[in-house]
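A.B. asks: Using the sequences plus the hints, can you model the full thing?
Each chain, written out:
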Amino acid sequence: MSLYQDVILDHYRNPRNQGELKHPTHTGSALNPTCGDQLQMDIIMENGIIKEIGFSGAGCAISQASASLLTEEVLGKRSEEVLALSPQDILKLLGVTLSPARLKCGLLSLETLKKALSSK
Amino acid sequence: MHKKDFPIFEKHSDLIYLDSAATSLKPKSVINAVTDYLSHASTNISRGLYPLAEATTERFEAVRKQTALFLNADPTEIIFTGGTTQAINTVARLLESKVDTDSEILVTTMEHHSNFLPWKELALRKGCTFSLLLLTTSGEISLDALRSAIHPHTKILALSFVSNVLGTINPISEITSIAKEINKDIIVIVDAAQAAGHIPLDMKALNVDFLAFSAHKMFGSTGLGVLYGKKEILETLSPVDFGGGMVQDACAVKPEYKALPTCFEAGTPDIASVFALGAAITYITALGIENIRTHEKELVSYAIENLKKIFGNHITILGPTDLEKRGGVLSFTLNGIHPHDIAHIVGEQGICVRAGEHCTAPLHKSLGLSATTRISFSVYNETKDIDRLIEALKEAQKILLK
Numbered sequence: 001m002s003l004y005q006d007v008i009l010d011h012y013r014n015p016r017n018q019g020e021l022k023h024p025t026h027t028g029s030a031l032n033p034t035c036g037d038q039l040q041m042d043i044i045m046e047n048g049i050i051k052e053i054g055f056s057g058a059g060c061a062i063s064q065a066s067a068s069l070l071t072e073e074v075l076g077k078r079s080e081e082v083l084a085l086s087p088q089d090i091l092k093l094l095g096v097t098l099s100p101a102r103l104k105c106g107l108l109s110l111e112t113l114k115k116a117l118s119s120k
Numbered sequence: 001m002h003k004k005d006f007p008i009f010e011k012h013s014d015l016i017y018l019d020s021a022a023t024s025l026k027p028k029s030v031i032n033a034v035t036d037y038l039s040h041a042s043t044n045i046s047r048g049l050y051p052l053a054e055a056t057t058e059r060f061e062a063v064r065k066q067t068a069l070f071l072n073a074d075p076t077e078i079i080f081t082g083g084t085t086q087a088i089n090t091v092a093r094l095l096e097s098k099v100d101t102d103s104e105i106l107v108t109t110m111e112h113h114s115n116f117l118p119w120k121e122l123a124l125r126k127g128c129t130f131s132l133l134l135l136t137t138s139g140e141i142s143l144d145a146l147r148s149a150i151h152p153h154t155k156i157l158a159l160s161f162v163s164n165v166l167g168t169i170n171p172i173s174e175i176t177s178i179a180k181e182i183n184k185d186i187i188v189i190v191d192a193a194q195a196a197g198h199i200p201l202d203m204k205a206l207n208v209d210f211l212a213f214s215a216h217k218m219f220g221s222t223g224l225g226v227l228y229g230k231k232e233i234l235e236t237l238s239p240v241d242f243g244g245g246m247v248q249d250a251c252a253v254k255p256e257y258k259a260l261p262t263c264f265e266a267g268t269p270d271i272a273s274v275f276a277l278g279a280a281i282t283y284i285t286a287l288g289i290e291n292i293r294t295h296e297k298e299l300v301s302y303a304i305e306n307l308k309k310i311f312g313n314h315i316t317i318l319g320p321t322d323l324e325k326r327g328g329v330l331s332f333t334l335n336g337i338h339p340h341d342i343a344h345i346v347g348e349q350g351i352c353v354r355a356g357e358h359c360t361a362p363l364h365k366s367l368g369l370s371a372t373t374r375i376s377f378s379v380y381n382e383t384k385d386i387d388r389l390i391e392a393l394k395e396a397q398k399i400l401l402k
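As they're listed, the protein sequences go chains A and B.
Residues in the first sequence are numbered from 1 upward in steps of one, following this note's numbering.
Residues in the second sequence are numbered from 1 upward in steps of one, following this note's numbering.
Honestly, the hints are just simulated from the structure, not real lab data.
The beta-carbon is built from N, C-alpha and C at its ideal position, and this holds for glycine as well.
Warning: the hint list may mix true and false statements.
[What the hints assert, rightly or not] Label-pair restraints from in silico Cβ distances:
(1) 101(A) - 384(B): 25 to 33 Å
(2) 7(B) - 101(A): 22 to 30 Å
(3) 4(B) - 101(A): 46 to 54 Å
(4) 314(B) - 103(A): 25 to 33 Å
(5) 119(A) - 244(B): 51 to 59 Å
(6) 384(B) - 103(A): 29 to 37 Å
(7) 255(B) - 119(A): 52 to 60 Å
C.D. replies: Rendered as structure tokens:
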């Protein structure tokens with residue numbers, strides 16, 4: 001099965017929640033040193049709930065689609081719920097299995113998001 | 001050209017291998033040299049006094065001579081190491097006594113991390129200046145820029161022979177002359193990982209002080225590198241690795257070490273890989289290094305012409321446009337498609353290319369790129385490999401572009 005399934009291609013071509021937020025309460029960024037990809041996540045938290053979220057940065061289809069899918073998934077969720085997300089949950093969102101080399105691309109979004117949530 | 005010599009194609013007949021800059025495929029004769037030693041002659045060198053071990057020692061030293069001949073050097077100038085990376089790290093430690101706080105170490109922007117970090121770390125250890133020589137827009141070293149970058153206090157110049165990303169072949173002998181004109185004591189170290197087995201290497205003509213390469217990128221096995229060191233300089237240096245095989249008198253208050261090059265080879269080396277290197281050099285010599293160079297140049301020319309024809313201004317090919325200044329490495333970016341996706345999609349069709357920053361973060365940063373796709377050629381590649389790649393790239397565009 002090709003890695004480039006409809007869900008991934010849809011989110012890569014039409015990313016949801018893409019762009020920096022003007023006045024985020026939380027922000028975080030992470031780097032994938034094997035390909036130089038950089039991702040940033042901005043969040044506006046209200047009463048412990050993710051009210052708005054935006055991702056920015058360049059990357060491959062997998063990392064971009066993963067970021068798009070993840071932002072959609074966590075919108076309206078509580079910080080604790082998001083921090084409890086596992087790599088397995090991200091793979092479920094993507095709907096594919098990733099080789100060790102591409103796993104970093106797929107999980108960069110979660111790493112970035114958790115960094116953002118832990119920021120002040 | 002010579003696919004039949006490489007057993008990998010018996011198992012993967014459709015394989016299009018365009019990643020020889022990472023590691024080359026291995027011809028049958030090299031594989032045989034390894035299995036023959038491991039099966040029938042697995043004895044250690046230097047110490048054994050029985051015939052099998054003596055024969056291994058003899059064969060080992062014969063490869064050293066063969067390597068010296070391959071480089072137009074003296075056998076005492078050939079040090080076997082674990083690879084290019086280890087060789088350069090060793091040189092950086094060997095030269096520790098040659099630099100102080102007033103010194104400068106100069107490297108170029110195109111360096112692989114293995115010819116960048118050991119020097120940056122040496123500069124940090126010694127508190128000396130670490131400088132970067134910037135490249136021209138076509139990814140070359142400007143000799144004028146070099147002239148103004150070298151000062152009387154520039155003690156070390158480290159640069160690659162062939163860039164592993166841009167493909168640029170640096171004019172090493174001219175560079176060495178200029179450097180030594182300004183500072184006769186400057187030590188020039190050349191990373192020849194992408195040059196060995198692709199273009200002729202003549203130590204006398206190049207007049208470099210150190211040159212390193214890996215056996216596995218020139219049809220040999222992994223785990224072995226060659227470090228050439230000019231005799232006059234090696235004689236002024238003290239070993240940095242200590243242990244078996246390299247010592248003359250270990251009991252003396254100040255231990256005495258063996259003559260060149262043994263004093264720089266502590267411990268049992270990768271003997272099987274040394275025999276593989278011998279077979280690899282024999283293979284290269286039989287094909288003729290000039291023929292290999294011509295073949296790779298033709299492939300690069302065909303690739304540039306056809307990639308540009310098909311993808312027009314959607315493709316950006318890095319490095320010099322003059323084919324005489326290019327080795328068998330070609331990196332590019334394709335508008336709107338990340339190199340990782342390219343490598344993955346063409347990989348699903350049996351085409352092996354490399355994506356990323358290729359261990360050259362300073363170069364990619366200077367180009368404003370996070371990643372590139374790289375193809376690299378060897379004697380088993382044909383123009384139809386490039387045709388297949390182009391078809392696969394079109395497929396990638398179809399999948400990923402809106």
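A.B. asks: Take the hints in turn and mark each one as holding or not.
C.D. replies: Hint check:
Remark: the range hint 25 to 33 Å for residue 101(A) to residue 384(B) is upheld by a beta-carbon distance near 27 Å. Checked against the hint of 22 to 30 Å, the C-beta distance between residue 7(B) and residue 101(A) comes to roughly 26 Å, which is consistent with it. Between residue 4(B) and residue 101(A) the beta carbons are some 31 Å apart, a value that contradicts the proposed interval 46 to 54 Å. Take residue 314(B) and residue 103(A): their Cβ atoms lie about 29 Å apart, and the range 25 to 33 Å holds.
Separation of residue 119(A) from residue 244(B) is about 53 Å and conforms to the stated range, judged on CB atoms against 51 to 59 Å. Look at residue 384(B) against residue 103(A): about 34 Å separates their beta carbons, and that is inside 29 to 37 Å. The supplied range of 52 to 60 Å is met by residue 255(B) and residue 119(A), whose beta-carbon atoms lie about 55 Å from each other.
The structure does not agree with numbered hint 3 stated previously, though it agrees with all others.
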